[in-house]
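Engineer: Numbered per my numbering, the sequence shown finishes at 109, counting up by one with no gaps.
These are calculated hints, taken from the structure and not from any lab test.
Computed from a prediction, not measured in an experiment: that's the story for all the values here.
C-beta: ideal position from N, C-alpha, C; glycine also.
All the pointers check out, no bait thrown in.
Taking lysine-lysine pairs in the DSS-like style, the calculated list, with each CA pair at most 30 Å apart, reads:
hint	residue 1	residue 2
1	K101	K68
2	K68	K104
3	K17	K101
4	K43	K104
5	K104	K17
6	K101	K43
7	K17	K43
8	K68	K43
9	K17	K68
Ranges of calculated distance between the beta carbons of each label pair, as one might list FRET restraints:
hint	residue 1	residue 2	range
10	I41	G71	18 to 28 Å
11	R54	G16	29 to 39 Å
12	K101	A26	18 to 28 Å
13	G103	G39	13 to 23 Å
14	L107	R54	30 to 40 Å
15	G103	H37	12 to 22 Å
16	N75	H37	29 to 39 Å
17	G103	V78	12 to 22 Å
18	T36	L107	26 to 36 Å
19	D96	I44	15 to 25 Å
20	D9	D96	12 to 22 Å
21	I44	I105	13 to 23 Å
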Amino acid sequence: PEIITETVDILNYYHGKMPIGVGTGADRAHAIDHLTHTGLIDKIDALVTASDVRHGKPHPETFLSVAKQIGVQPNHCVVFEDTQIGYQAAAAAGMDCILVKDGKIQLET
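Sequences are here, hints too, so could you generate the full structure?
Structural biologist: Structure, rendered in structure tokens:
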């Protein structure tokens, strides 16, 4: 998985101020390796990967599992996504979603 560059600043800003979770289509081992390598692993409160769910994106299970782990109602979550499938998963979970294309936050979808 690629790190969405603009979201790193947002993650750093909110770290310690509110719970942060990651929901990824990558398997657990690769996700942990990637988050560790980029220094982000210690900034998240929950990690849900393809290894942890029965139904991957666009099914909402990944994001609903993250919300449950961090103790936040889905309608109070904001997802940063770089794929349409992930965007669909967030919408199906009842979460707001900000689409990121080519490393840039898209305010219009």
